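J.: My request is simple: use the sequences and hints to build the entire structure.
Number of protein chains: 2
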Amino acid sequence: MALIVQKFGGTSMGSIERIRDFVAKRILEEKEKGNRVVVVVSAMAGETDRLINLVKSITQEPNERDMDFVVSTGEQVSAGLLSITLNHMGYPAVALSGWQAGIKTDKAFTKARILEIDTSRILKHLEEGKIVIITGFQGITEEGEITTLGRGGSDTSAVALAAALKADRCDIYTDVDGVYTADPRIVPEARRIPVLSYEEMLELASLGAKVLQIRSVEFAMKYKVPLRVRSTFTGDEGTLIKEEDETMERVVVRGIAHNKNEARITVVKVPDKPGIAAKLFDALAEANIPVDMIVQNVSVDGFTDISFTVDKNDAGKAEKITKEIAKEIGAKEVIRDDRIAKVSVVGLGMRSHAGVAGKVFETLAKYGINIIMISTSEIKISCIIDEKFTELAVRVLHEAFGLDKEESERVKQL
Amino acid sequence: MALIVQKFGGTSMGSIERIRDFVAKRILEEKEKGNRVVVVVSAMAGETDRLINLVKSITQEPNERDMDFVVSTGEQVSAGLLSITLNHMGYPAVALSGWQAGIKTDKAFTKARILEIDTSRILKHLEEGKIVIITGFQGITEEGEITTLGRGGSDTSAVALAAALKADRCDIYTDVDGVYTADPRIVPEARRIPVLSYEEMLELASLGAKVLQIRSVEFAMKYKVPLRVRSTFTGDEGTLIKEEDETMERVVVRGIAHNKNEARITVVKVPDKPGIAAKLFDALAEANIPVDMIVQNVSVDGFTDISFTVDKNDAGKAEKITKEIAKEIGAKEVIRDDRIAKVSVVGLGMRSHAGVAGKVFETLAKYGINIIMISTSEIKISCIIDEKFTELAVRVLHEAFGLDKEESERVKQL
Numbered sequence: 001m002a003l004i005v006q007k008f009g010g011t012s013m014g015s016i017e018r019i020r021d022f023v024a025k026r027i028l029e030e031k032e033k034g035n036r037v038v039v040v041v042s043a044m045a046g047e048t049d050r051l052i053n054l055v056k057s058i059t060q061e062p063n064e065r066d067m068d069f070v071v072s073t074g075e076q077v078s079a080g081l082l083s084i085t086l087n088h089m090g091y092p093a094v095a096l097s098g099w100q101a102g103i104k105t106d107k108a109f110t111k112a113r114i115l116e117i118d119t120s121r122i123l124k125h126l127e128e129g130k131i132v133i134i135t136g137f138q139g140i141t142e143e144g145e146i147t148t149l150g151r152g153g154s155d156t157s158a159v160a161l162a163a164a165l166k167a168d169r170c171d172i173y174t175d176v177d178g179v180y181t182a183d184p185r186i187v188p189e190a191r192r193i194p195v196l197s198y199e200e201m202l203e204l205a206s207l208g209a210k211v212l213q214i215r216s217v218e219f220a221m222k223y224k225v226p227l228r229v230r231s232t233f234t235g236d237e238g239t240l241i242k243e244e245d246e247t248m249e250r251v252v253v254r255g256i257a258h259n260k261n262e263a264r265i266t267v268v269k270v271p272d273k274p275g276i277a278a279k280l281f282d283a284l285a286e287a288n289i290p291v292d293m294i295v296q297n298v299s300v301d302g303f304t305d306i307s308f309t310v311d312k313n314d315a316g317k318a319e320k321i322t323k324e325i326a327k328e329i330g331a332k333e334v335i336r337d338d339r340i341a342k343v344s345v346v347g348l349g350m351r352s353h354a355g356v357a358g359k360v361f362e363t364l365a366k367y368g369i370n371i372i373m374i375s376t377s378e379i380k381i382s383c384i385i386d387e388k389f390t391e392l393a394v395r396v397l398h399e400a401f402g403l404d405k406e407e408s409e410r411v412k413q414l
Numbered sequence: 001m002a003l004i005v006q007k008f009g010g011t012s013m014g015s016i017e018r019i020r021d022f023v024a025k026r027i028l029e030e031k032e033k034g035n036r037v038v039v040v041v042s043a044m045a046g047e048t049d050r051l052i053n054l055v056k057s058i059t060q061e062p063n064e065r066d067m068d069f070v071v072s073t074g075e076q077v078s079a080g081l082l083s084i085t086l087n088h089m090g091y092p093a094v095a096l097s098g099w100q101a102g103i104k105t106d107k108a109f110t111k112a113r114i115l116e117i118d119t120s121r122i123l124k125h126l127e128e129g130k131i132v133i134i135t136g137f138q139g140i141t142e143e144g145e146i147t148t149l150g151r152g153g154s155d156t157s158a159v160a161l162a163a164a165l166k167a168d169r170c171d172i173y174t175d176v177d178g179v180y181t182a183d184p185r186i187v188p189e190a191r192r193i194p195v196l197s198y199e200e201m202l203e204l205a206s207l208g209a210k211v212l213q214i215r216s217v218e219f220a221m222k223y224k225v226p227l228r229v230r231s232t233f234t235g236d237e238g239t240l241i242k243e244e245d246e247t248m249e250r251v252v253v254r255g256i257a258h259n260k261n262e263a264r265i266t267v268v269k270v271p272d273k274p275g276i277a278a279k280l281f282d283a284l285a286e287a288n289i290p291v292d293m294i295v296q297n298v299s300v301d302g303f304t305d306i307s308f309t310v311d312k313n314d315a316g317k318a319e320k321i322t323k324e325i326a327k328e329i330g331a332k333e334v335i336r337d338d339r340i341a342k343v344s345v346v347g348l349g350m351r352s353h354a355g356v357a358g359k360v361f362e363t364l365a366k367y368g369i370n371i372i373m374i375s376t377s378e379i380k381i382s383c384i385i386d387e388k389f390t391e392l393a394v395r396v397l398h399e400a401f402g403l404d405k406e407e408s409e410r411v412k413q414l
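Residue numbers (full-length UniProt numbering), protein chains in the order written: chain U, 1 to 414; chain R, 1 to 414.
Chain copies aren't distinguished; within one or between two, either way the pair holds.
Once the Cα atoms are required to be at most 30 angstroms apart in a straight line, the calculated DSSO-like pairs of lysine-lysine come out as:
no. : residue 1 : residue 2
1   : Lys124    : Lys107
2   : Lys279    : Lys320
3   : Lys56     : Lys25
4   : Lys405    : Lys366
Think of the hints as simulated: they come from the structure by calculation, not from any bench. The structure displayed is predicted, hence computed values, not measured ones.
T.: Below, the structure written as structure tokens:
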């Protein structure tokens with residue numbers, strides 16, 4: 001008898017009808033296989049925003065402790081409604097809030113981290129044969145204060161519960177039916193990827209962001225919890241995300257990700273002295289601005305250029321800080337470019353296959369797409385290009401690596 | 001330094017603006033007097049109904065445990081919003097849910113009773129100088145399940161907290177400014193009653209029902225908690241409800257209550273044998289139908305008539321049961337009359353003043369109002385009359401007992 005953790009997001013829990021016709025159905029499918037089921041739910045779509053807006057109409061800077069006290073009620077309502085539905089259908093169920101489920105967190109209100117889970121109450125209800133429904137996104141501190149885990153935290157709740165309960169699988173139900181080789185709105189030929197490694201999923205963040213919170217993938221990787229991303233509405237198999245194995249490696253490239261939410265900042269003619277880069281990036285870290293790619297050119301006549309990318313939301317702040325540092329260190333000027341995009345080719349297989357980078361550059365060049373910055377890791381190659389070429393770049397790379405074909409065919413090709 | 005418990009209802013908590021402009025103001029008025037303040041809040045007006053409707057759209061007979069799990073969130077939101085408002089205004093405050101506030105109840109979901117309150121967490125926050133805001137209407141069982149106290153339960157929460165904390169006073173803030181000598185919509189000359197005994201308040205239920213839950217008055221009486229009913233919006237002194245003292249007794253009649261929500265059922269020609277009445281009223285009690293007034297006529301030729309009143313909502317069920325019993329005991333017939341009203345004259349002083357009953361009957365007779373049933377206690381006289389005379393009866397009794405005059409004047413008159 002397997003133990004399955006299922007997580008349903010806000011869209012799935014969006015109405016009484018959806019809860020009854022889809023969510024309950026997915027739960028009972030597992031139940032009928034003889035499995036024990038623990039369900040983690042988000043608030044009904046729109047509810048968390050409604051609560052945040054109520055709070056923000058008082059002040060833009062609310063007391064975070066009280067903020068969590070208010071916002072955590074959204075999941076309590078949806079969990080209760082689901083339990084009422086299942087009980088009404090004749091299936092014993094019980095709804096537990098974060099504190100009732102024993103989810104202990106630190107005190108970082110609005111972005112708390114799970115410290116441990118006391119699973120005794122959950123196990124007791126499972127032994128009684130009940131479907132256990134747990135509010136996602138929240139927990140309780142040692143002092144008995146309600147905390148929330150931050151946006152998308154319900155995925156993390158589900159994975160943490162799956163790890164603590166040693167669940168056989170954690171199914172993340174959402175409104176898309178898996179992770180694709182590229183965004184299907186851009187590449188109609190994009191295919192659902194049947195199996196992915198955690199590392200690939202993390203690199204495919206921009207494809208997966210809508211379906212899976214990155215933090216929850218890191219958590220799943222750490223505790224080796226197999227994750228399945230699947231659709232609440234179709235019930236298809238979706239995409240399984242797990243530890244890599246030999247069969248996975250046979251596919252060189254798994255998918256093409258893209259991200260238009262970054263901006264590039266370039267410091268021109270920086271005196272090439274030790275400690276200059278450190279000064280700049282320390283200042284950005286101090287201001288809590290995460291930096292993605294960093295490129296420094298070869299020094300010419302004792303001067304160099306430093307380029308880096310940050311999230312567009314942070315670009316204004318980053319530009320200001322960079323200008324201050326640039327003045328201090330005697331750089332010539334600071335240029336900010338918001339009209340860039342990052343296109344990434346991701347796959348475990350490229351570790352052992354030469355020529356992937358060459359193929360990327362060659363393909364982009366063939367279509368006249370200039371590469372502004374390059375960054376590589378063992379399992380991905382990312383290129384910063386002019387924003388206007390984003391969709392074209394994704395399409396031509398998707399085709400160049402044969403991602404429109406079945407994985408089995410692609411393996412034969414190489 | 002006094003300790004004051006304040007309770008604000010759903011209308012007072014109805015919007016962010018009301019919370020800021022009125023509720024916070026009332027709290028800070030007490031705070032500025034140097035008092036310690038514990039605040040009990042209801043859900044925002046309409047919110048509990050919204051949650052109940054969500055649940056009822058799943059099933060008319062929801063699992064009560066889950067029902068409470070869902071419905072209790074309304075107060076958590078309003079308590080959090082008030083705390084955020086006060087903190088934003090610069091006054092340290094903290095919101096506590098029923099379980100955080102240590103409110104232990106029995107397991108009677110949807111109508112739980114408070115068993116005890118562990119005040120340690122409340123006292124800790126008060127010592128830190130904080131305004132402590134507590135969700136009304138709810139508590140927690142020994143097993144860690146969330147319960148609610150039933151409609152209007154926030155008044156009970158407030159009084160129970162005042163008793164447990166040995167508060168100097170419990171102020172029930174609402175949208176009316178006190179208890180009146182009669183319903184001011186019927187008697188424009190009605191006056192606010194400055195001081196009432198608990199017993200009088202209980203008898204004046206129909207005047208007080210809109211402002212105060214009866215269960216909370218019983219609770220206050222039991223634990224001798226002085227209650228003040230006052231308006232959130234005007235901040236006036238309102239009506240103080242406390243133990244009777246000598247000054248109170250000098251006023252003979254305190255107010256005129258009326259109730260149109262009862263129906264009368266009469267069993268005609270009942271064989272006058274021992275145990276017949278018991279049989280009938282046991283059956284009604286069995287069906288959980290509370291009976292208000294009971295009148296049995298003097299027996300004529302071995303037969304008698306029994307009349308009683310019940311809430312109109314229970315009248316159909318009561319009629320059916322009575323008809324079955326009537327058949328069994330060989331009574332002639334059962335008559336139901338929904339078009340009746342109960343008018344009551346209430347006052348501690350009538351215990352020691354003869355002639356109040358006479359004045360009631362004389363006044364009603366003078367205006368041609370026939371009395372159908374009479375019931376008296378030490379501090380009230382209730383008459384069942386034809387519903388169409390209700391307003392007239394209230395007005396002429398109000399005038400007859402001089403309730404349109406100041407209490408001090410009335411004392412002189414007698």
